[in-house]
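Kindly produce the complete structure, drawing on both the sequences and the hints.
Numbering (our numbering), first residue to last: 10 to 510.
No lab work stands behind these hints, which were simulated from the structure alone. Keep in mind that this is a model prediction, so the values were computed, not measured. C-beta: ideal position from N, C-alpha, C; glycine also. Check each hint, because a few of them may be wrong.
Using 30 Å as the maximum straight-line C-alpha spacing, the simulated DSBU-like pairs for lysine-lysine come out as follows [to be verified]:
#1 Lys155 / Lys423
#2 Lys370 / Lys387
#3 Lys289 / Lys316
Label pairs and their in silico Cβ distance ranges [said to hold, decoys possible]:
#4 Gly194 / Thr310: 50 to 58 Å
#5 Asp123 / Ser413: 31 to 39 Å
#6 Gly103 / Gly194: 16 to 24 Å
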Amino acid sequence: MSLKSPDNRFLRLCTAEQSRQLDHDTIQTFGLNGNLLMEIAGLKASEFIRQTVGNNRHGVYVCGKGNNAGDAFVIARYLADSPKHRITICLISGDQQLSDDAEKNLSLLRKLSDHSSHITFTGNLSSDLLQDADYIVDGMIGTGLKSELREPLHSAVKSINSSDTLTFSLDIPTGLNCNTGQILGESVQADHTITFGTNKIGFYLGSGPERCGNIHFAELPFPEHHRNHSAVLIHSNIKPELQTGPLPASHKYEKGTVHIIAGSEGMTGAAIMSARSAWKAGAGAVILYCPKGLLHIYEQTLPEIIKVPLGSEHHMFFKPEHVPAVKNRISEKPGPVLAGPGIGRSEETREFILELTNSFKHPLILDADALAGWDELKNYDTSGWILTPHIGELKNSMNISFSSDEERLSQLKKLSKESRCTILSKGYPLITATPDDGVFITGYDTRIFSRAGFGDVLAGTIAGYLAIENNTTDAIIKSLVENFEIANCVKDPEPRTIYGR
10 MSLKSPDNRF LRLCTAEQSR QLDHDTIQTF GLNGNLLMEI AGLKASEFIR QTVGNNRHGV
70 YVCGKGNNAG DAFVIARYLA DSPKHRITIC LISGDQQLSD DAEKNLSLLR KLSDHSSHIT
130 FTGNLSSDLL QDADYIVDGM IGTGLKSELR EPLHSAVKSI NSSDTLTFSL DIPTGLNCNT
190 GQILGESVQA DHTITFGTNK IGFYLGSGPE RCGNIHFAEL PFPEHHRNHS AVLIHSNIKP
250 ELQTGPLPAS HKYEKGTVHI IAGSEGMTGA AIMSARSAWK AGAGAVILYC PKGLLHIYEQ
310 TLPEIIKVPL GSEHHMFFKP EHVPAVKNRI SEKPGPVLAG PGIGRSEETR EFILELTNSF
370 KHPLILDADA LAGWDELKNY DTSGWILTPH IGELKNSMNI SFSSDEERLS QLKKLSKESR
430 CTILSKGYPL ITATPDDGVF ITGYDTRIFS RAGFGDVLAG TIAGYLAIEN NTTDAIIKSL
490 VENFEIANCV KDPEPRTIYG R
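This is how it looks when you write it as structure tokens:
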């Protein structure tokens with residue numbers, strides 16, 4: 010499996026343009042009929058809705074004029090065959106000027122209604138109608154929305170959101186921008202979003218996570234060679250195969266060595282968590298460099314970690330004079346270097362980082378306070394580096410301006426390509442950009458990790474996996490998949506839970 014193009018199509022995140030192009034190519038080039046695709050989409054969605062709500066229910070289908078409405082008409086036709094299932098079709102924009110496929114499926118539904126009292130049509134989305142419904146299907150407008158919602162859709166969305174009735178959105182909640190997750194005036198608050206054929210990047214940016222509810226992927230027979238995507242979703246289904254656990258008859262240094270430059274007076278916890286995380290990831294040896302005045306703390310707390318004290322017993326933070334000893338030790342046992350957790354922002358420490366990383370030839374992860382010198386560091390040869398800033402560090406230490414997740418993603422891609430760095434931007438969502446145009450976005454709630462220590466744990470874990478396989482992307486993805494599993498199991502994790510004490 011290629012991490013940039015995973016076999017699982019749910020993991021490939023597409024823009025509205027990519028989704029429409031795939032639909033167009035499938036119909037025009039590959040020869041599949043558009044109405045057939047709508048039939049397949051509607052059938053799969055109807056099966057999910059039936060499984061969710063059961064029989065003997067009343068569904069209100071709020072429909073616009075395009076193919077999103079056509080999907081809703083197909084679903085209604087299938088569910089009308091369920092025992093005692095009542096269907097109310099609300100043609101919120103009337104029944105004129107429908108798309109061709111929507112008009113065909115509305116005609117079929119009307120013919121079916123001639124023989125069934127369970128299907129009714131209305132143009133009035135009243136509060137009484139919504140309160141009487143067991144569920145609502147949002148089929149007003151799909152991925153083509155580019156400007157703010159207009160009437161009557163705007164009022165219809167507000168009515169749906171006020172009803173507290175179980176709501177299914179088709180392909181995307183009406184009012185949500187497919188590419189950015191931005192709410193365009195107003196957006197349906199869906200309990201479930203059934204996405205057809207492609208998973209949309211806007212589900213995971215901006216307001217997408219809160220508006221989409223649970224996302225369900227309905228596969229369509231799109232030809233593989235026509236598929237393109239903009240990002241990959243970090244999910245439990247994407248698992249790079251990294252060597253973990255001890256290798257038979259191997260020396261610890263053959264298993265991978267991690268060098269960690271972390272900690273200062275009052276912030277030794279950052280060094281402890283990052284070192285333990287690298288060790289837990291499976292690195293054969295973890296070497297922690299520390300100002301000698303802090304050595305006694307690490308001797309008590311990190312028996313499994315090799316310590317290299319620097320300077321005199323009065324030294325409590327890193328200084329430029331420590332650089333030669335650090336470089337010599339790294340040269341003796343080469344391996345990835347993690348610098349930054351808890352090192353502080355003294356001017357001497359800043360100079361230490363600048364001197365250490367100048368003409369640096371080893372895999373390097375810069376985290377936290379090590380990024381404070383980015384104005385100078387960006388002029389170095391930074392190719393192959395990994396940067397792990399949180400939102401504040403992106404803006405304040407690296408001077409990257411953005412006001413939305415879409416802008417953050419765009420800036421990360423630009424900076425990654427220019428600097429030849431891999432940049433992991435912590436936040437909700439967590440976004441990773443690689444120099445070869447790879448983009449990875451977390452599909453889980455990372456807000457539970459918004460606490461002191463998470464960044465140290467993540468950086469240490471990445472360093473550990475990088476030492477084992479020497480593959481930057483695999484190391485990052487493996488670390489983020491572990492976070493996915495934690496997020497699914499723990500609502501309020503203690504730091505020790507993250508690194509497995």
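Numbered hints the structure breaks, given as an ascending list: Checked against the structure, the only hint that fails is number 5, while the rest are satisfied.
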